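Q: Chains A and H are the protein sequences, given in the same order. Numbering follows the working numbering, with no gaps: position 101 of the first sequence is 101. Numbering follows the working numbering, with no gaps: position 58 of the second sequence is 58.
No lab work stands behind these hints, which were simulated from the structure alone. Given the structure is predicted, the values throughout are model-derived calculations rather than measurements. Even glycine gets a Cβ: it sits at the ideal position worked out from N, Cα and C. There could be a bad hint or two in this list.
Each pair of labels, with its calculated beta carbon distance range [unchecked claim]:
hint, chain 1, residue 1, chain 2, residue 2, range
1, A, Arg101, H, Thr20, 25 to 31 Å
2, H, Ile106, A, Thr122, 29 to 35 Å
3, H, Asn93, A, Thr85, 22 to 28 Å
4, A, Ser25, H, Ser12, 36 to 42 Å
5, A, Gln77, H, Thr22, 39 to 45 Å
6, H, Asn93, A, Gly57, 19 to 25 Å
7, H, Arg18, A, Ser56, 41 to 47 Å
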Amino acid sequence: QVHLEESGPGLVKPSQTLSLTCTVSGGSISSGGYYWSWIRQYPGKGLEWLGYIYYSGTTYYNPSLESRVSISVDTSQNQFSLTLTSVSAADTAVYYCARDRTIAGTTLSYGMDVWGQGTTVTVSS
Amino acid sequence: DIQMTQSPSTLSASIGDRVTITCRASQSISSWLAWYQQRPGKAPKLLIYKASTLESGVPSRFSGSESGTEFTLTISSLQSEDFATYYCQQYNNYPKTFGQGTKVEIK
Numbered sequence: 001q002v003h004l005e006e007s008g009p010g011l012v013k014p015s016q017t018l019s020l021t022c023t024v025s026g027g028s029i030s031s032g033g034y035y036w037s038w039i040r041q042y043p044g045k046g047l048e049w050l051g052y053i054y055y056s057g058t059t060y061y062n063p064s065l066e067s068r069v070s071i072s073v074d075t076s077q078n079q080f081s082l083t084l085t086s087v088s089a090a091d092t093a094v095y096y097c098a099r100d101r102t103i104a105g106t107t108l109s110y111g112m113d114v115w116g117q118g119t120t121v122t123v124s125s
Numbered sequence: 001d002i003q004m005t006q007s008p009s010t011l012s013a014s015i016g017d018r019v020t021i022t023c024r025a026s027q028s029i030s031s032w033l034a035w036y037q038q039r040p041g042k043a044p045k046l047l048i049y050k051a052s053t054l055e056s057g058v059p060s061r062f063s064g065s066e067s068g069t070e071f072t073l074t075i076s077s078l079q080s081e082d083f084a085t086y087y088c089q090q091y092n093n094y095p096k097t098f099g100q101g102t103k104v105e106i107k
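Taking the hints into account, I'd like the entire structure generated from these sequences.
A: And the structure:
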């Protein structure tokens with residue numbers, strides 16, 4: 001059974017960089033078949049998809065964040081990471097990593113079937 | 001971006017009730033829609049994908065349907081564990097976008 005767990009600082013100062021890591025256990029990122037994704041949930045409960053990475057390193061980001069966001073993968077550690085630069089209070093949220101099942105030969109997917117428990121990030125001085 | 005509009009925002013219901021939640025897309029998304037359930041303090045859980053396909057392990061009282069750009073999640077007989085917030089998500093176009101959520105409360 002695949003398990004995802006987010007880790008990283010819970011408090012980040014404005015204008016600094018937010019870095020989170022998602023550790024995957026019970027399955028290998030390198031096996032393919034999944035987009036490894038980041039999603040955040042604002043205090044008001046709205047959900048925003050941030051982007052994904054495939055095991056090959058292919059990424060896709062939400063254009064609203066594209067200049068600030070990057071996702072990387074470390075297949076040797078079975079981890080993938082989120083970096084968000086120049087954060088502000090508007091980036092305060094619960095950050096989730098999730099597994100999104102790909103549909104072979106397309107950029108489509110079948111939905112995010114495994115999620116981490118989420119990690120709360122507050123941007124404040 | 002494709003806008004997903006859910007209704008109602010809040011729904012009060014009793015155990016055993018039939019519950020229907022609607023999600024409307026701002027443009028065609030074919031059948032590329034998922035429904036998630038989120039209990040307080042927990043991550044979202046995938047219930048249905050491709051508009052009407054039940055995720056493995058999800059009780060059969062949950063079902064999904066579509067008509068054009070309008071999608072429906074139905075719970076045929078509400079159980080105590082179903083009191084939660086439900087979100088739709090489209091994945092036909094990037095960026096993938098979510099509805100604002102429907103909270104199902106105890107009446």
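Q: Does the Cβ distance between A/Gln77 and H/Thr22 fall inside 39 to 45 Å?
A: About 43 Å separates the Cβ atoms of A/Gln77 and H/Thr22, which means 39 to 45 Å holds.
Q: Given a hinted range of 41 to 47 Å, is it respected by the beta-carbon distance of H/Arg18 and A/Ser56?
A: Holds - the Cβ-Cβ distance for H/Arg18 and A/Ser56, about 45 Å, lies within 41 to 47 Å.
Q: Regarding A/Arg101 and H/Thr20, is the given constraint of 25 to 31 Å on their beta-carbon distance met?
A: Between A/Arg101 and H/Thr20, where Cβ atoms are some 27 Å apart, the hint holds.
Q: Measuring from beta carbon to beta carbon, are A/Ser25 and H/Ser12 in 36 to 42 Å?
A: Given range 36 to 42 Å: holds, Cβ gap about 40 Å.
Q: Has the hinted range 29 to 35 Å been met by the Cβ atoms of H/Ile106 and A/Thr122?
A: holds, 31 Å
Q: Measuring from beta carbon to beta carbon, are H/Asn93 and A/Thr85 in 22 to 28 Å?
A: holds, 26 Å
Q: Please test the hint of 19 to 25 Å on the beta carbon pair from H/Asn93 and A/Gly57.
A: With Cβ atoms ~23 Å apart, the hint holds.
Checked against the numbered hints listed earlier, the structure breaks none of them; every hint is satisfied.
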